[in-house]
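Peer 1: Sequence:
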Amino acid sequence: MEGFEKTRQCSIGSNLYYLLPHSVAKLSPQQVARLDTLDTFDGGLLPVTVLTCNRPCFTNHDAESVCEKFSLKDDVWCQAFLKVVVLQQPRHLHCELRTDTPILFINTSDRRLANGPYVVCKATGRIHPVCRLYKDTHHAFVKAILPIRTRKDNFHTFSLSASESPMSSIGRLPSTSQQRMIAVPSRLYTMPSKSRPLAGLRIAVKDTIHLQGLKTGYGNNAWHELYPPAKTTAPAIKLLLAAGAVVVGKLKTSEFCEGVDPHQWIGSTCPVNPRGDGEQKPSSSSTGSAVAAAAYPWLDCTIGTDTGGSIRHPAGVNGLFGNRPTQTAISLVGVLGATDLLNTLGIFARDAATFGKIARKYKLLYPVRSLQQEHPSPHRWFPNPLADPSKLSEAEKKIEAFVLRLEQHLCCERTAFNLDELWRAMKPRGQPDSLDEATGPIYSALVSYSALHAGGINDFLASYASSHSGAAPQLSDIVSKRLEYGRSLTHAQIAQHLDSMAVFARWVENVLFGPPDEEAITLLIFPQSFGVPDYRDDMPKHECVIYDQFSVYSFGYLVGCPDYTVPIGEVPFVSRVTGETGYLPVSLSVVARRGNDVPLFDILTLLEEKGVLSAVKAGRRMY
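So for the sequence shown, UniProt numbering puts the first residue at 1; every next one is plus one.
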């Protein structure tokens, strides 16, 4: 396809475009003849705007009004497409024209096209839809894709690339001579309806999710090489497609969805967090999903997965809304991951999803550090109410201001508590006093063991060796060490960890959240990111092979609670790279009882409507 695609790219106005190979209509020879006096660009191509008119008169004012709406709705259409207007109208209507723009007519009785931008080939008279081309400047995509026209859930790779200009290189990243181009269709081609509420919504998905016709790479080049293209699209993505969403690409993930630093990536460049100075770590494993949503205004939302925090932490440091839904709420068929016990699908977005308003009572759980804990807390708790308020950081001051507004708008008061003290006082019988001992080892044990035995990595290693004369695939050092740990675990040890997981889940449901209250929703909040610089080339003091401490993410992966990351502001810092002032995200996590996903979305929507939360922009500044 690559050579074919290169013949179909062109510039219209100041933008790059790609002509989709299928035509949607054909002009008559008489209509084509009317175009002879108009200048075309390479290949005899002419930009046109298709409009629908059901009135007996069409004027310059009508054209201007429609095109003003196009400009607001769509970034693919531009004024250059007004070279010619193709006016659609019923056969019986004879339209009176009061415009200087060349007009061609199509009878809607025969066929009706979607309004918007198109290109006409003068040689054939065929009308082609177009996609606007955007550069993947932040290295977030594995591949750009286009749907196969006869099957909207079947895809092929779009392999067009463009030379990288000096202005588009990011920070001190290794520069590449080519940048991947992403083809984005016009939003005007599909309009929302009751049956297709997501019509025109542009999404991209993590490269652990199967799309029919494409390989799923799982963050490892050897895995991508070994396995054939997916035969079916994951059911969760099919639901989005049926609702009208458009998938434009697959996004990078860290190797086998492991938590790794940028310097530990092999085989590809780690995506670039756009916030601040462009030199901050983007987190993992849904790295490409977070970066793409934060960097590209032409992308509406992205899909990732979260096992131990792979959506929530990337959302925090990239300044986004991100959700981990209730465990088992979304099908994981066709989704790669270490273990379905802990894994979920979720989204990244720059604004709160719209699900309607609610009027309920709320309980607000507010976990705080003990006075003896160091700052910042390893568990990202709030400052102790008895601590000196003059020592609060700028980020903590923003967080406190937000919580005050949250209390005001939810008509509730926070309940401050220390989680370690609550556990020691009300822990289940037979459990250790330390949350680290009780829950810390569970995640690494389950994930490492399951990745080998249920996640397909043992089969992958054997198949790769069989087809490569016994050679082993290239794996990063950190992943190899974690797999070795998984091999050391016994079935009995895993069973014990599963028991401990169930004990902790019951304790959270019964003690932390308390008995269910039909009239009130209990929310647990905690800081997700403090706007502290974390440069992508910083080496950690200690290489974390195995996680053995209690994690704030365990409410999601051990209990199965919905856990949504919410951006609440940004704070200034002076970049050690540029020497200039930049801004980094400050965010909170909001956790609710299992099954409360829709009410949680409703709360965020309400807060956005009231101005407590604000949508964020793509790029270095959130606001």
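Honestly, the hints are just simulated from the structure, not real lab data.
Do not take every clue at face value.
As the list claims (entries may be wrong) - Label-pair distances were calculated between CB atoms; the ranges are:
| hint | residue 1 | residue 2 | range |
| --- | --- | --- | --- |
| 1 | Asn15 | Gln372 | 56 to 62 Å |
| 2 | Ser268 | Pro428 | 42 to 48 Å |
| 3 | Gln372 | Asn510 | 45 to 51 Å |
| 4 | Pro229 | Thr269 | 48 to 54 Å |
Unchecked claim - Think about it this way: if two alpha-carbon atoms lie no more than 20 Å apart in a straight line, the pair counts; the simulated SDA-like pairs of lysine to any residue are:
| hint | residue 1 | residue 2 |
| --- | --- | --- |
| 5 | Lys398 | Gly611 |
| 6 | Lys363 | Val511 |
| 7 | Lys83 | Pro29 |
| 8 | Lys238 | Pro192 |
| 9 | Lys481 | Pro540 |
| 10 | Lys26 | Lys152 |
| 11 | Lys152 | Pro21 |
| 12 | Lys83 | Lys135 |
As the structure is a computational prediction, the values presented were derived from the model and not from experiment.
We put the beta carbon where it would ideally sit given N, CA and C, even for glycine.
Peer 1: Which earlier hints can't be squared with this structure?
Peer 2: Numbers 3, 4, 10 and 12 - these are the hints that the structure violates, sorted from lowest upward.
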